[in-house]
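A.B. asks: Please construct the entire structure, taking both the sequences and the accompanying hints into account.
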Amino acid sequence: MNWKRLWVMFVSRNREFFRDKSAFGWNFLFPFFIIVGFGVIFGDDTREFYKIGVFPLKSGKVSVVSLDIPTGIKKMKYMEFIGFPDQEKGMELLKHHRIDLLLEAGSKSPSYWVSSTSPRGYVAEQLIKAALSPESGAIRINKKQIEGIEIKYIDWLFPGILSMNMMFSALWGVGYVIVRYRKNGVLKRLKATPLTAIEYLSAQMLSRIFILMFSLVIVWIGCHMIFNFRMEGSYATAFIIFFLGGCSLTAMGLLVASRGTSEEFTSGILNFITWPMMFLSEVWFSLEGAPDWVKTMAKFFPLTHINNGVRKVMNDGATMGDVSLEIMILGGLTVFCLLLGARLFSWNR
Amino acid sequence: MSGILEVQNLVKKYGDLVAVDNISFSIPEGICFGLLGPNGAGKTSALEAIENIIKPTSGQILYKGKLRDSGFNEEIGIQFQETAVLSFLTVRETLEVFHKMYRKPVDLGKVIETCHLGEILGQYNDRISGGQKQRLMLALAIINDPVLIFLDEPSTGMDPQNRRNLWEIIKTIKKNGKTIILTTHYMEEASYLCDDIAIMEQGRIIAAGSPSGLIRQHARHVTVVLPAGSIRNSLKRDSYAIYEMDNFIEIQTDDINSCIQDLVDSHVDLAEMTVRSPNLEDVFIHLTGRRLRE
Numbered sequence: 001m002n003w004k005r006l007w008v009m010f011v012s013r014n015r016e017f018f019r020d021k022s023a024f025g026w027n028f029l030f031p032f033f034i035i036v037g038f039g040v041i042f043g044d045d046t047r048e049f050y051k052i053g054v055f056p057l058k059s060g061k062v063s064v065v066s067l068d069i070p071t072g073i074k075k076m077k078y079m080e081f082i083g084f085p086d087q088e089k090g091m092e093l094l095k096h097h098r099i100d101l102l103l104e105a106g107s108k109s110p111s112y113w114v115s116s117t118s119p120r121g122y123v124a125e126q127l128i129k130a131a132l133s134p135e136s137g138a139i140r141i142n143k144k145q146i147e148g149i150e151i152k153y154i155d156w157l158f159p160g161i162l163s164m165n166m167m168f169s170a171l172w173g174v175g176y177v178i179v180r181y182r183k184n185g186v187l188k189r190l191k192a193t194p195l196t197a198i199e200y201l202s203a204q205m206l207s208r209i210f211i212l213m214f215s216l217v218i219v220w221i222g223c224h225m226i227f228n229f230r231m232e233g234s235y236a237t238a239f240i241i242f243f244l245g246g247c248s249l250t251a252m253g254l255l256v257a258s259r260g261t262s263e264e265f266t267s268g269i270l271n272f273i274t275w276p277m278m279f280l281s282e283v284w285f286s287l288e289g290a291p292d293w294v295k296t297m298a299k300f301f302p303l304t305h306i307n308n309g310v311r312k313v314m315n316d317g318a319t320m321g322d323v324s325l326e327i328m329i330l331g332g333l334t335v336f337c338l339l340l341g342a343r344l345f346s347w348n349r
Numbered sequence: 350m351s352g353i354l355e356v357q358n359l360v361k362k363y364g365d366l367v368a369v370d371n372i373s374f375s376i377p378e379g380i381c382f383g384l385l386g387p388n389g390a391g392k393t394s395a396l397e398a399i400e401n402i403i404k405p406t407s408g409q410i411l412y413k414g415k416l417r418d419s420g421f422n423e424e425i426g427i428q429f430q431e432t433a434v435l436s437f438l439t440v441r442e443t444l445e446v447f448h449k450m451y452r453k454p455v456d457l458g459k460v461i462e463t464c465h466l467g468e469i470l471g472q473y474n475d476r477i478s479g480g481q482k483q484r485l486m487l488a489l490a491i492i493n494d495p496v497l498i499f500l501d502e503p504s505t506g507m508d509p510q511n512r513r514n515l516w517e518i519i520k521t522i523k524k525n526g527k528t529i530i531l532t533t534h535y536m537e538e539a540s541y542l543c544d545d546i547a548i549m550e551q552g553r554i555i556a557a558g559s560p561s562g563l564i565r566q567h568a569r570h571v572t573v574v575l576p577a578g579s580i581r582n583s584l585k586r587d588s589y590a591i592y593e594m595d596n597f598i599e600i601q602t603d604d605i606n607s608c609i610q611d612l613v614d615s616h617v618d619l620a621e622m623t624v625r626s627p628n629l630e631d632v633f634i635h636l637t638g639r640r641l642r643e
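In order, the protein sequence lines correspond to chains F and P. At position 165 of the first sequence the residue is numbered 165 (our numbering), and the sequence of numbers has no breaks. Position in the second sequence (from 1) plus 349 gives the number in our numbering.
A hint or two may mislead.
What the hints assert, rightly or not - Derived PhoX-like pairs: lysine-lysine, alpha-carbon spacing no greater than 20 angstroms straight-line:
id	chain 1	residue 1	chain 2	residue 2
1	F	K4	P	K524
2	P	K404	F	K183
3	F	K61	F	K89
4	F	K183	P	K449
5	F	K74	F	K108
6	P	K527	P	K453
7	F	K4	P	K449
8	P	K524	P	K459
9	F	K183	F	K77
10	F	K58	F	K74
11	P	K404	P	K459
12	F	K95	F	K108
No wet-lab data here; the hints were simulated from the structure.
C.D. replies: So, in structure tokens, the structure goes:
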């Protein structure tokens with residue numbers, strides 16, 4: 001291993017990334033916009049979950065105060081009321097699941113319509129029925145509050161968005177770029193020098209990890225200033241998990257790019273890897289209740305272990321020992337993919 | 350005498366296609382050796398196998414009498430026919446990257462001067478003209494002060510002036526004692542630059558030697574060129590090899606005096622006649638029955 005050559009390739013790749021303004025901007029702005037967007041959507045406690053159409057009224061969103069509907073319904077939280085001039089207009093939207101329930105206003109005994117195929121409609125119906133029924137008292141249930149600090153959805157989502165961005169940046173930034181370099185002859189030109197495959201691949205990997213961690217810190221600070229994320233554990237532990245996650249994803253990118261000159265084929269392979277990983281690694285939603293085979297499959301994805309590890313640290317204050325399993329899996333995956341990628345690597349075919 | 354490079358029974362196949370078919374040659378140190386042939390003759394495959402870029406199907410390549418080892422790449426320089434370099438780097442940065450790859454690089458200023466790159470050092474390497482790019486690629490090929498330099502179709506796509514400039518640079522490099530191996534399908538390039546050439550056709554070497562030796566051996570005739578339609582039927586056609594092209598006629602003869610006399614006797618208008626000596630194109634036509642760039 002010649003460190004001078006490795007350093008030269010590392011610096012060249014970094015220059016390429018930082019000078020490509022479109023890619024550079026995208027790597028920072030994309031995760032930032034996603035987090036800000038979701039923060040705005042889910043950060044508001046008054047968010048309304050169920051849409052109730054009411055007629056006859058002026059079209060559009062209406063204030064609950066002015067509605068001539070039973071008081072029990074008016075007092076319900078998380079309901080959005082939308083006015084319709086007549087029943088026909090409301091029915092049209094109900095059929096297309098654009099609203100969850102249609103309610104008649106101005107009647108002492110109002111009628112309502114609900115789609116029998118809509119799960120949201122069913123829940124809205126049960127909520128309205130419960131709101132209008134006197135307490136039966138048949139079964140007493142006791143309401144208890146969550147003890148300690150509740151985790152906001154955005155706090156749960158934040159590590160997932162960062163790791164997802166890391167996944168796209170690592171796999172496309174390494175896998176796709178190397179295949180493009182092989183196709184246009186850059187790798188062939190480098191092969192004509194004393195540069196070895198392991199020097200080249202190590203430089204690519206280190207450069208991408210540097211870029212990943214750099215963008216991670218910038219995006220983290222930017223988002224933290226807006227949302228004030230709660231960090232129960234140590235920043236160092238979270239950073240180590242992200243670092244190893246970046247290593248494993250980059251090594252996976254190197255493995256994908258070890259052979260081939262077709263950008264289209266590589267693009268297909270990368271999509272084949274990234275999309276299931278994005279949906280099954282609990283970036284957006286929990287897999288609780290999903291079939292066992294889905295949960296088992298998710299365990300093969302590095303993104304799952306990054307999300308689990310960082311969420312444990314951020315949300316539950318887990319220590320390095322608590323996330324040792326995630327650290328070992330990510331480290332092992334890195335070594336496996338890097339060695340296999342270096343073994344299969346071809347400069348020019 | 351064993352040369353700096355010996356190629357022995359080199360074969361390169363791509364599936365059923367035999368790109369290089371059992372070629373052998375030896376290259377003495379300090380000369381410019383050319384592989385001349387039409388597109389698809391197997392020149393690039395042969396060159397890349399020798400450069401260790403692709404793996405030969407069979408055969409042996411000896412550098413300084415030994416099999417190539419890990420130090421081979423330190424001692425050679427390559428200008429590929431089609432290649433690219435790392436994006437978003439200036440010409441100077443590109444040169445610096447390659448300069449740092451080698452243990453004993455040549456002074457960067459000298460390379461810049463030799464390849465006339467001084468005026469474009471601050472430009473991005475993908476924002477320069479075709480001729481400038483070829484000069485940059487040549488600079489990268491000599492940046493490590495190589496013993497052996499490979500140039501694959503170095504002037505393809507260049508205008509005549511840039512081609513001439515490149516030839517002069519290659520001549521300068523050769524004067525410094527370097528051994529150059531180049532492929533080309535331009536006979537003028539081979540004639541001007543090469544001391545020895547091997548003519549390739551369908552993966553095989555069909556003739557080898559110095560350009561003048563090959564011409565003496567295979568094309569002793571002189572060619573008379575006349576405008577199309579200028580020859581009358583009275584000319585003794587059987588006495589000459591006559592090739593009718595779109596706009597002109599070529600008459601090949603071993604006796605130029607008799608030929609011109611015959612043309613005069615046949616009342617052919619000689620006002621637009623040109624006479625040229627045989628060249629490598631004629632050698633190729635003689636050997637294969639077709640032109641180099643057909």
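A.B. asks: Hint by hint, say whether it matches the structure.
C.D. replies: Evaluation of the provided hints:
| no. | hint | result |
| --- | --- | --- |
| 1 | F:K4 <-> P:K524 | violated, 32 angstroms |
| 2 | P:K404 <-> F:K183 | holds, 18 angstroms |
| 3 | F:K61 <-> F:K89 | holds, 14 angstroms |
| 4 | F:K183 <-> P:K449 | violated, 24 angstroms |
| 5 | F:K74 <-> F:K108 | holds, 14 angstroms |
| 6 | P:K527 <-> P:K453 | holds, 16 angstroms |
| 7 | F:K4 <-> P:K449 | holds, 7 angstroms |
| 8 | P:K524 <-> P:K459 | holds, 15 angstroms |
| 9 | F:K183 <-> F:K77 | violated, 58 angstroms |
| 10 | F:K58 <-> F:K74 | holds, 18 angstroms |
| 11 | P:K404 <-> P:K459 | violated, 34 angstroms |
| 12 | F:K95 <-> F:K108 | violated, 26 angstroms |
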